[in-house]
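Using the hints, position chain B against chain A.
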Amino acid sequence: MLRILYSDLHKIINSRGLKFSLWFCLIYPVVQALVLYLVVHTYMGDELAGEDTLFSYASIGALLVSAAVLYLTVSDFSDGTIKNKVINGAKRSDIFCSAVCGGMFAGVLTSVFCAAGELLAGFIFTKGYEILTKADIAKYFLALALASAAVGAFATMLVMIFGGSFFAYIPGLVIAFFFRVISMRVADKLYPENGVTTLTGTRLKVYTLYDRYFPYAHFTNYLRWDLLSYVIGAAILIAISFILGVIIFNRKEFK
Amino acid sequence: MFNNYKAGMVRLLKNIYFIGGCLIAFFVTFLFSSGNYTLPFLAKYPLIESTVFVSAAITLYFSAFTPLFMASEYTDGFIRNRIINGYSQKEIYFAMLLCMESALFIMTLVYLVGGGLGLLIAGESMTSEALSRIFIYIIAVFGYVALMTTVSFRITKLLGSVITCVVIFNMTFNLVLFGNALVAFSSGTVFKVARIVYNINVLGQWFIATGLADLEANPGTASQIVISVCVFAVSVLAGIFGLSKRDLKN
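Respectively, the protein sequence lines represent chains A and B. Counting along the first sequence from 1, when you hit position 228 you're at 228 in the numbering used here, and nothing is skipped either side. Counting along the second sequence from 1, when you hit position 68 you're at 68 in the numbering used here, and nothing is skipped either side.
This is chain A alone, in the form it adopts within the complex (with noise of 0.2 Å):
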């Protein structure tokens, strides 16, 4: 396991597509503050807060990730690493958790990246922070991280489980397309711009076990719960990925 864990994390560090990703995460957010600055000056003549620049990464967070992971793992399929990695008596567990070892880690970078480049987005385009701390930015940042490690194990689990067909370029990104418009959704639900959520019974705890667990909807701006939820609703992502992707990547056969 250690030695097929050392070579996928030496691919992904030196991968071309992945640098990309880190590059754009870096300047993305600084681009979309340069804009919003450019529109809150000169339209209003306001000045940015801090809090501002916090939404770049929130908005692409999970799709950059499934870009990334996808770019990384299906390669294996196609240039034949898997079989390889097959002959040379590695198990099939092995291979697998390896690989999902290795998108947790593409997706922690990437939002590692996406963090430093608002924190410069910041410093360089607003007058500070005005309500959050240091703490409940780095707070607001572990979320994140944890919410890309989730998604990252989740669409390396899907990448690996349909690898070998074109099949396997689709559900990451539109699983984290589909699940970004269900977030927008129960968030309008739960926090209505004017007066409380109407939401009642069955329905509302539904949504608030979404909004609350469920790392796809961990992409805000802003922290809505505590950082104990996020660390289980990763840990739980992860583990299905983990669990799920195991039992079917043993069946599956390469083609």
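You can trust all of the hints, since none of them are fake.
Derived contacts from chain B toward chain A, CB cut-off under 7 Å, selection only:
1. Val162
2. Ile163
3. Val166
4. Asn170
Sample of chain B residues lacking proximity to chain A, with all beta carbon distances greater than 10 Å (derived):
5. Phe2
6. Asn4
7. Leu12
8. Phe27
9. Glu49
10. Phe94
11. Leu117
12. Ser132
13. Thr156
14. Gly220
15. Cys230
16. Ile240
Since the hints were derived computationally from the structure, they do not count as laboratory data. Just so it is clear, the structure is predicted and the values come from calculations on it, not from any experiment. Just so it is clear, CB atoms sit at the ideal spot from N, CA and C, and this is done for glycine as well.
For chain B alone, coordinates are given in the frame of chain A:
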């Protein structure tokens, strides 16, 4: 070109993802239009509005399907074989474009049949006004599919084209959210530009078709069609620009 088109159509009609997509389009539209399933905020409107609303799925479907279908051009040396056979890359591009537009046409028909049947069972009928709204939106989707075809044809690696297409779709979605705010709060020249940008975006036109968008966001049917045709033309031009001189490495 027509030989390539015919070959593409044979491949398309046997493609399991396309058949599956058409079946999903039929059943989902049927579920929504017959009133068996609806979204909470659509419940107070007539069923035809739900039918129009689900048409957004066509855009999402083609964002994923186009690169998958086009990818086979670059595997197993298909495109090289065709070039050896005397076809130019431009001809292959146009054949593929026609093929994808035919796929959209077929899916639209399936969607309309599903919607019509559902409405018939629910005891409502397809109004010509709603049909014209769907029609205008589908013209915009024709432009969008041309863009997807161009991206998938230009980027030879499947991975690159899939990620680019889905990212473009995500951007169109973001642009609707951003555009709604921009159209609502801007005025004068900025408003006019914002309205054009809003309509260049296929999901913007979809949002107008559903009737949920700001009334002012609609520049009029003629302008919408002109914008869609422009998107189509620009996409095709981008697709064929310098195509004959392109090197095929893989």
